[in-house]
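Line by line, the protein sequences give chains Z and X.
Everything in the first sequence is counted per the numbering used here, starting at 28 for the first residue and increasing by one.
Everything in the second sequence is counted per the numbering used here, starting at 378 for the first residue and increasing by one.
Treat the hints loosely; a few may be bogus.
[Stated by the list, open to error] SDA-like cross-link-like pairs, simulated, lysine to any residue; straight-line CA separation at most 25 Å: (1) Z/K274 / X/G529; (2) X/K434 / X/E596; (3) X/K395 / Z/P287; (4) Z/K169 / X/R573; (5) Z/K169 / Z/S103; (6) X/K395 / Z/D232; (7) X/K395 / Z/R106; (8) X/K413 / Z/P287; (9) Z/K274 / Z/E218; (10) X/K395 / Z/K155; (11) X/K413 / X/G447; (12) Z/K155 / Z/Q173; (13) Z/K274 / Z/T297; (14) Z/K169 / X/G394; (15) X/K499 / X/R481; (16) Z/K274 / X/R573; (17) Z/K155 / Z/R106.
[To be verified] Which chain X residues face chain Z? A few, computed with CB under 8 Å, are given here: (18) N518; (19) Q519; (20) L523; (21) N567.
[Stated by the list, open to error] Calculated Cβ distances over 12 Å to all of chain X for the following chain Z residues: (22) G35; (23) S52; (24) V62; (25) G93; (26) T201; (27) L204.
Hints are computed from structural coordinates only; laboratory data are not their basis.
All C-beta atoms in this analysis are idealised placements derived from N, C-alpha and C, irrespective of residue type, glycine included.
What follows is each chain in one-letter form.
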Amino acid sequence: MSGLTIAGLQVAIGLAQPLRDCSLSVAPGEVVGLVGESGSGKSLTALACLGLLPAQARARGQIQLGDTALLGATESVWRGVRGRRLAMIFQNPMSALNPFFSIGRQLLEVVGAHFAEPRAALQLRVRKALERVQLDAGFADKYPHQMSGGQLQRAMIAMALACEPELLIADEPTTALDVTVQARIMRLLRELTGQGMGLLLISHDLALVAQVAARVYVMYAGRTVETGPMRELMGSASHPYTANLLKAQPRLGQFQRRLPVIEGQVLPATSSPGGCVFQSRCWRATELCRLQPPPALSLRPLSRVECHHPILPTLLAKELEHG
Amino acid sequence: MVEAVVSVQGLRKSYAGKHGRVQALQGLDFTLRPGKSLAIVGESGSGKTTAAMCVAKLVMPDAGAVHLAGSDFLQADARSSARLRRHFGVVLQNPLTSLDPRVRIWRSVCEPLQVHEPGLTKAQLRERALALLARVGLDANQAERLPHQLSGGQLQRAVIARALILRPQFVILDEPTSALDVSVQAQVLNLLCDLRDEFQLSYLFITHNLALVEIIAHEVLVMYAGAVVERGPVHRVFAQPRHPYTAELLAAVPGGPLSVSEPATAAAESGFAATGCAYRPRCPRAQALCADVQPAPASEAAPVSCFFPLGESPR
């Protein structure tokens, strides 16, 4: 099995359980979205993939990259994976680059760590990487403070791409950027994928993820509660949380005066519910939801939802009514 | 004619920069009538927050006038401007840094009352604070807590309550929901709409998120590099943007109806032009004239600051 596979990942930090059960996969060349609100565990999932969990965190489950088991891997295994096979870009490019070194030097350091090649060959890799993100060669001599936020995020992407990784994890890559710059970075990410490199795009914004991802996972309170092909999920979500999240997002051109809201608060990471993690905020919840964890159902091909009372696709709902 | 809640004329502000002065605000004019709201949209560095700060006199503008309750707020001395401050409330982006971390929520909420209505007893202050907190959805138990014990959405409700405790008619909202999650943002936006209708509030709503503008405001100003480039009723500007920058902004919103027509060039991503039209380096319609002459800022009479606006064929 190639690509990234996460199965039943749980992370506990002290008494808190910020990741309760996360399962997802990204095939080579595939663009997959991971969507959730703050505290849902999406960034922790990314950190677990790179072995960057806080020291006091205890993780259980499985993370596979190709044939390599990542959870509990030794430092020497990690050195061959981080940056080389699995690269990550973070939310704030201004704080991710060293202000004292030029962009070119920082890129050179990365490729130098992974390729035992003569300097000229390494420099060629740097030039190519900058080219792929549409920064001309002159940017190699610039320092971070001389560049705009969008240009810095391009430099970060170039750094991530320089070692030709199997998978790129982008954690909120455009949240710190203006909306017009965001549009260009998303366009760039879309162009860069599809040549074998997989992309896991983490965001709180479903509409943004929908621009590039073919499949999406929705996280809530540390669980991947729903997954499916992007288009289907946007059109008719099965999990009440996803459905609500889609409606609560203000969208241009709707001129709606009131937004549907999700009442209540997210389940604290310290509580351990016997039933569904969303039941306290769910309008479809019954006694069953309070007592038993929901089953994982597959209502459509490639989709999966953890819910006792999922919203059925209309066709299926009609059939059930008549049968 | 109903009297204006606030009226702003010719507000200007510049800061000293590395390469001469930066024109952060190049003339802002607007008038708000009771119950009507205005949104200012733009990207980082466009001057939208400077605009809010100058209207609230938290930053002293270089020129211009702000009329509140019939008086000139900017010319007023320290004492009378303190008195005039009761006529507006302010809600900023990050609720956690807006509240004193060592003071209980209800105490923070009634602090403006202590300043402006010094005769009230502690019991009266508490009663007023709790009543308003209940209106924004916080119970007596939550009112007793400290800021770190509440969530971001709950804190922003408390900040809104504090802004309204003196019953102002005018409230400045600077990115009030951008630090909040989508589901919580919807709760706060609905609350703001309810309060606006209930108390006939006028909002000056500063945001980078265009999708929120339609929910909150009646009128919109689009800012670029310190200047208002387009203004008008929200439905007109969003349905038929005339300035190329407004069109680019609208096209960049994810999931919007125009999202297919993204801007084509990545080259001129940033940088304002120093002469002529500031938007020229990014503009697909720019011509020689745009490099030499700066178009007049948008006004109520001429709502678009562009020589070659959309909807007219280029000459």
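Taking the hints in turn, this is what the structure says about them:
For a cut-off of 25 Å, the pair hint linking Z/K274 to X/G529 stands: about 21 Å separates their Cα positions. For the hint pairing X/K434 with X/E596, the CA-to-CA distance comes to about 22 Å; that is within 25 Å, so the pair holds. The hinted pair formed by X/K395 and Z/P287 fails the criterion: a straight-line CA distance of about 47 Å is larger than 25 Å. Annotation: proposed proximity of Z/K169 to X/R573 is violated, straight-line Cα distance about 49 Å (limit 25 Å).
For the proposed pair Z/K169 and Z/S103, the alpha carbon gap of about 33 Å is over 25 Å, so the pair is violated. Only pairs whose Cα atoms come within 25 Å are accepted, and X/K395 paired with Z/D232 is rejected, the gap being roughly 37 Å. A C-alpha spacing of about 43 Å is found between X/K395 and Z/R106, which places the hinted pair above 25 Å, so the restraint is violated. With a C-alpha separation of about 23 Å, the suggested pair X/K413 and Z/P287 falls inside the 25 Å cut-off, and the hint holds.
Pair hint Z/K274 plus Z/E218 does not hold up; C-alpha atoms about 29 Å apart against a cutoff of 25 Å. The straight-line distance between the Cα atoms of X/K395 and Z/K155 is roughly 34 Å, outside the 25 Å bound, and the hint therefore fails. For the suggested pair X/K413 and X/G447, the alpha carbons sit about 18 Å apart, so the restraint of at most 25 Å is met. As the CA atoms of Z/K155 and Z/Q173 are separated by approximately 21 Å, the hinted pair is consistent with the 25 Å bound.
Distance hint between Z/K274 and Z/T297 is unfulfilled; the C-alpha atoms sit about 28 Å from each other, more than 25 Å. Only pairs whose Cα atoms come within 25 Å are accepted, and Z/K169 paired with X/G394 is accepted, the gap being roughly 21 Å. For the given pair, X/K499 sits about 14 Å from X/R481 by alpha-carbon distance, which is consistent with the 25 Å threshold. With a C-alpha separation of about 22 Å, the suggested pair Z/K274 and X/R573 falls inside the 25 Å cut-off, and the hint holds.
About 23 Å separates the Cα atoms of Z/K155 and Z/R106, which keeps this hinted pair within 25 Å; it holds. Among the interface hints, the one on X/N518 is violated; its C-beta lies about 14 Å from the nearest C-beta in chain Z, farther than the 8 Å criterion. Here the hint on X/Q519 is broken, as its CB sits about 12 Å from the closest CB of chain Z, past 8 Å. For X/L523, the suggested interface contact is broken, since its CB lies about 17 Å from the closest CB of chain Z, more than 8 Å.
Against a cut-off of 8 Å between C-beta atoms, the interface hint on X/N567 holds, since the closest Cβ of chain Z lies about 6 Å away. Annotated as non-interface, Z/G35 keeps its C-beta farther than 12 Å from every C-beta of chain X; the closest such distance is 26 Å. Distance check for Z/S52 against chain X: the nearest CB is about 25 Å away, which clears 12 Å, and the non-interface claim stands. Its beta-carbon lying about 10 Å from the closest one in chain X, Z/V62 breaks the requirement of being farther than 12 Å from that chain.
Consistency note on Z/G93: stated as away from chain X, and its beta-carbon is indeed over 12 Å from all of that chain's, at 32 Å minimum. Annotated as non-interface, Z/T201 brings its C-beta within 12 Å of a C-beta of chain X; the closest such distance is 9 Å. Against chain X, the non-interface label of Z/L204 is violated: not every CB pair exceeds 12 Å, the least being about 9 Å.
Violated hints, listed in ascending order, are 3, 4, 5, 6, 7, 9, 10, 13, 18, 19, 20, 24, 26 and 27; each of the other numbered hints is respected by the structure.
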